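> Listed below, chain by chain, are the residues.
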Amino acid sequence: MLDSIPSFARLVAELAKFPGVGKKTATRLAFSLLSRPESDAEALAGAILELHRKIGFCSICYHMTENDPCPICTDPTRDERLLCVVEQPQDLLAIERSRSFRGRYHVLQGVLSPLDGIGPDDLRFDELLARLDGGVEEVLVATNFTVEGDATALYVADLVRAKGVRVTRLAHGIPTGSDLEFIDDTTVHRAVENRREL
Amino acid sequence: MRIEHLVFRGFRNFEDLDLSPAPGINLVWGDNGQGKTNLLEGIYLLAQLKSFRPARQEHLIARGAGAASLAVRIRVSDVQHRLEMNLTPGERRLRADGQQLTATAEFLGRLRVILFAPEETTVVRGAPSGRRAMLDRGIFLADSGYLRRAREYRRCLLQRNSLLRSGQVSAKVLEPWTVRLAESGAELRRRRNHYLERLRPLLQQCYLEISGGRERVDIRLPTRGGDDVEALLNELHRQRDREFSLGQTLAGPHRDDVAFQLDGRPLRQYGSQGQQRSFVLAFKCAQLLDFQQTKGFLPVLLLDDINSELDGHRREAFFAFLLANSGQVFLTSTDADTCRIEDRQLTRYYMHAGSLAADHDRGKNS
Ligand SMILES: [Zn+2]
Chain A
1 MLDSIPSFAR LVAELAKFPG VGKKTATRLA FSLLSRPESD AEALAGAILE
51 LHRKIGFCSI CYHMTENDPC PICTDPTRDE RLLCVVEQPQ DLLAIERSRS
101 FRGRYHVLQG VLSPLDGIGP DDLRFDELLA RLDGGVEEVL VATNFTVEGD
151 ATALYVADLV RAKGVRVTRL AHGIPTGSDL EFIDDTTVHR AVENRREL
Chain B
1 MRIEHLVFRG FRNFEDLDLS PAPGINLVWG DNGQGKTNLL EGIYLLAQLK
51 SFRPARQEHL IARGAGAASL AVRIRVSDVQ HRLEMNLTPG ERRLRADGQQ
101 LTATAEFLGR LRVILFAPEE TTVVRGAPSG RRAMLDRGIF LADSGYLRRA
151 REYRRCLLQR NSLLRSGQVS AKVLEPWTVR LAESGAELRR RRNHYLERLR
201 PLLQQCYLEI SGGRERVDIR LPTRGGDDVE ALLNELHRQR DREFSLGQTL
251 AGPHRDDVAF QLDGRPLRQY GSQGQQRSFV LAFKCAQLLD FQQTKGFLPV
301 LLLDDINSEL DGHRREAFFA FLLANSGQVF LTSTDADTCR IEDRQLTRYY
351 MHAGSLAADH DRGKNS
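Those sequence lines, one after another, are chains A and B.
Quick note on the numbering used here: the first sequence kicks off at 1 and runs consecutively.
Quick note on the numbering used here: the second sequence kicks off at 1 and runs consecutively.
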């Protein structure tokens, strides 16, 4: 049925490429766009185009930014002795939302994964090492708690320690507002191991 | 736990199989090739999401049917649940209590079964992978965190092997994967040992009851230098050159052999056929008892073609064990009178060409 309206089918096919969007959702979005005024569609198209024209990566931390260096790297109130290593810009944003960290960041832009052909040369490790000479006293590794994230953390720890800089890893925790009985045993185990004084 | 009602449509040779099994022992008898094992396979599939026979999904769907559907209503303590699986070529849909599930982990573990199939006795003499798989299936049933850890280990192993195969990597690049693998591997070894410690006395008790013999059986997991991270890490470092030349990881739980022992000696060499069968059956029975002790209810027991496995004396002892200890049992046999169990403790069904007939009359006459 869609094939008889090529322009509609084209939009559905493009939208369906996005993560979490199936053909059904794509069709619903397309109908919704069609029912709105043309100015809405123009605004959306403009926003999408601007994304690629304006956003690049910061030449210091490799976070996404409109200005190079990024606002975090140029913020004088940030603690230069603390450096947090993350896999992706969205991980940086998650830590920023928590307002728990006032140091600077380094985005690796990926994670070690031999199965996908991703080795140390494909990530921003050299750039990380170069930054360590500038008075960094502690590197907090905040890669994800997956097999790949763990291995990448171990690799980073080795590099950083060789430079004589302290390395820490994000702690595993039990989410607030949750009942202990419903937490999986690994999480409980780690929480017990990492217990603190009261 | 028991199955109260099951409906299999378009699965194997079942056009429309509708059964409300008894809470106790259900004997399904009939000639070979009529669908007795298919019934057990369907139940097993709903529990484990894979068959115990080598089977592609297309082969599970009946010839001429576009799709297969398997549905059971189970009762755990006082709560009923409904599990459904729909198979079409290339797709599998799972529902639990009417809700569509996308993650298989949410479906696994809702129906708990222990299977004993005749082929399993060959595991005693076969390659180590068979014994490891048999042990791991036991642990999956008892330890809810084990599956995720085993998957994590498997993932790390694939990553590390991929690196070893790529050839020119430095020790520095390999090391994080070695460390991560050793952490994961030691955890699996500890959990296996922990499970075996719990199972050992039950295994020995069950073996004595079933075999009537006085031999002492045991299961051990010999690992070089113990089951801690350090031991596995040392072993991996020691093998590094060979690992590079072979392109694979040479130490860890994926290589450990599970030693089945009879009076301290290898069962594969020193056990008779009968002793080997009794051992595997005792291992399953021990799992059943362990499950009840730790979870407080019994899983469903599936016994395929049991009379080909045990001689007269052992069979009687085994059925006495079942009557005393098991909950719901599905038993297949070519013989309606395979076991001397009183009729009130046994429900017979006759399977012919994918259809079941309750067999009350025959039970009264014999
Ligand atoms: Zn920056």
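These aren't lab readings, by the way, just hints derived from the structure by calculation.
Hints are supplied without guarantee of correctness; some may be wrong.
Going by beta-carbon spacing under 8 Å, a handful of chain A positions derived as facing chain B [said to hold, decoys possible]:
1. GLY56
2. GLY110
3. ALA151
4. GLU181
5. ASP184
For clarity, every value in this text was computed on a predicted model and none was experimentally measured.
No residue lacks a Cβ here, since even glycine has one placed at the ideal position from N, Cα and C.
> State for each hint whether it applies.
For each hint, the structure was consulted:
| no. | hint | result |
| --- | --- | --- |
| 1 | GLY56 | violated, 29 Å |
| 2 | GLY110 | violated, 14 Å |
| 3 | ALA151 | holds, 4 Å |
| 4 | GLU181 | violated, 13 Å |
| 5 | ASP184 | holds, 6 Å |
Hint check: violations occur at hints 1, 2, 4; the rest are consistent with the structure.
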